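Novice: These protein sequences, in sequence, are chains A and B.
At the far end of the first sequence sits residue 112, using our numbering, and the numbering has no gaps.
At the far end of the second sequence sits residue 1114, using our numbering, and the numbering has no gaps.
I should point out that these hints are in silico values taken from the structure, not numbers from a laboratory.
A portion of the hints provided could be inaccurate.
[Stated by the list, open to error] Below, a list of computed lysine-lysine pairs in the BS3-like style, where the Cα atoms sit at most 30 Å apart:
(1) B/K1083 x B/K1011
(2) B/K1083 x B/K1044
(3) A/K2 x B/K1078
(4) A/K2 x B/K1044
(5) B/K1044 x B/K1015
(6) A/K42 x B/K1044
(7) B/K1083 x A/K2
(8) A/K42 x B/K1071
(9) B/K1015 x B/K1062
(10) A/K42 x A/K2
(11) A/K42 x B/K1078
(12) B/K1011 x B/K1078
(13) B/K1044 x A/K56
(14) B/K1062 x A/K42
(15) B/K1083 x A/K42
(16) B/K1011 x A/K42
(17) B/K1015 x A/K42
(18) B/K1044 x A/K67
(19) B/K1062 x A/K2
(20) B/K1011 x B/K1062
(21) B/K1062 x B/K1078
Values in this document were obtained by computation on a predicted structure and should not be read as measured data.
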Amino acid sequence: QKEVEQNSGPLSVPEGAIASLNCTYSDRGSQSFFWYRQYSGKSPELIMFIYSNGDKEDGRFTAQLNKASQYVSLLIRDSQPSDSATYLCAVVVSRTGNQFYFGTGTSLTVIP
Amino acid sequence: EAGVAQSPRYKIIEKRQSVAFWCNPISGHATLYWYQQILGQGPKLLIQFQNNGVVDDSQLPKDRFSAERLKGVDSTLKIQPAKLEDSAVYLCASSRSGTVNEQFFGPGTRLTVL
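When you get a sec, could you build the whole thing from the sequences and use the hints?
Specialist: Written out as C-alpha cells, the structure is:
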C-alpha cells in the first residue's frame, strides 16, 4: 500500500471553474500535509501546508483536511490557464519516523 | 536570498559509468534532501541530512548510491555504477530544520543513462 495516493488525471477544467484535487494517505498518525505545484520541466514549489482538520484558505487556494477519513484536498477557485501544472500531495508519515512522502501527482489543465 | 543551487543541470552517461551531483542549500538551512523523480512519478526521497548527519537513507540503494554532507553545508550524491533505470531527475531540497518546514527545491539534474 502506498503512503500517499492521488488520481494521476489528467484533470481538465474550463477557465474560471473550480478545480478539485484529492489525496488520500495511509498513516492515521500523520500530522503534516503539503500541496506542491510542479510545472513541466521545473521543480516543485510549495502552495500550501495544513496541519489541522478543516479548511485553510490562501487566495484562490483552499486546502481541506479530514483526518478521520484520511484525505486532504486542494480546491483552486477561478482557475486560470497559468494553473495548468502537476499538483503533488505530500505527507509527513509519523509511523516511519517523520519521513516525507510525495504522491504521484495530478495533472491539471485549465482550458481557456 | 539565494535559492538551492545544483550542478550539473544535465548529464548523459553510459551504463556502468559513475556520476556525481552537487547541491548547495539555502544559507542557514539545516536539513538537506535528495530526491529521485522518474518521469511521470512524484519525487522519491533518497536521503535526508540534518546538518552533517544522516536522518533517513532507507530508500537509498546503498549498493550503488552514496551521499555525503561533510561540513553540514553542500552535499554530493554519487551513483556508481549507473544502471538504465537510474535515468531520472535528481532534486535537491533544503529546509530550515526538519520535515515540518517548507522545503525549497533546486532546479534538479536530469540524468540520462544510455
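Novice: Now, for every hint given, state plainly whether the structure supports it.
Specialist: Evaluation of the provided hints:
1. Only pairs whose Cα atoms come within 30 Å are accepted, and B/K1083 paired with B/K1011 is accepted, the gap being roughly 14 Å.
2. In summary, the hint linking B/K1083 to B/K1044 is supported, as the alpha carbons are separated by about 17 Å, within the 30 Å threshold.
3. For the proposed pair A/K2 and B/K1078, the alpha carbon gap of about 27 Å is at most 30 Å, so the pair holds.
4. Of the pairs offered as hints, the one joining A/K2 and B/K1044 holds, with about 12 Å between alpha carbons and a cut-off of 30 Å not exceeded.
5. Pair hint B/K1044 plus B/K1015 holds up; C-alpha atoms about 22 Å apart against a cutoff of 30 Å.
6. For the hint pairing A/K42 with B/K1044, the CA-to-CA distance comes to about 16 Å; that is within 30 Å, so the pair holds.
7. Note on B/K1083 and A/K2: the hinted pairing holds, with a Cα-Cα distance of about 25 Å set against a maximum of 30 Å.
8. About 28 Å separates the Cα atoms of A/K42 and B/K1071, which keeps this hinted pair within 30 Å; it holds.
9. With a C-alpha separation of about 17 Å, the suggested pair B/K1015 and B/K1062 falls inside the 30 Å cut-off, and the hint holds.
10. For the proposed pair A/K42 and A/K2, the alpha carbon gap of about 25 Å is at most 30 Å, so the pair holds.
11. Restraint check for A/K42 and B/K1078: the C-alpha separation of about 22 Å stays at or below 30 Å, so the hint holds.
12. The suggested pairing of B/K1011 with B/K1078 holds, with an alpha-carbon distance near 13 Å, which does not exceed 30 Å.
13. With a C-alpha separation of about 27 Å, the suggested pair B/K1044 and A/K56 falls inside the 30 Å cut-off, and the hint holds.
14. Of the pairs offered as hints, the one joining B/K1062 and A/K42 holds, with about 27 Å between alpha carbons and a cut-off of 30 Å not exceeded.
15. About 24 Å separates the Cα atoms of B/K1083 and A/K42, which keeps this hinted pair within 30 Å; it holds.
16. A C-alpha spacing of about 16 Å is found between B/K1011 and A/K42, which places the hinted pair at or below 30 Å, so the restraint holds.
17. Note on B/K1015 and A/K42: the hinted pairing holds, with a Cα-Cα distance of about 26 Å set against a maximum of 30 Å.
18. The hinted pair formed by B/K1044 and A/K67 meets the criterion: a straight-line CA distance of about 24 Å does not exceed 30 Å.
19. Of the pairs offered as hints, the one joining B/K1062 and A/K2 holds, with about 22 Å between alpha carbons and a cut-off of 30 Å not exceeded.
20. Between B/K1011 and B/K1062 the alpha-carbon distance is near 21 Å, which keeps this suggested pair within the 30 Å criterion.
21. Restraint check for B/K1062 and B/K1078: the C-alpha separation of about 10 Å stays at or below 30 Å, so the hint holds.
Of the numbered hints stated above, none is contradicted by the structure.
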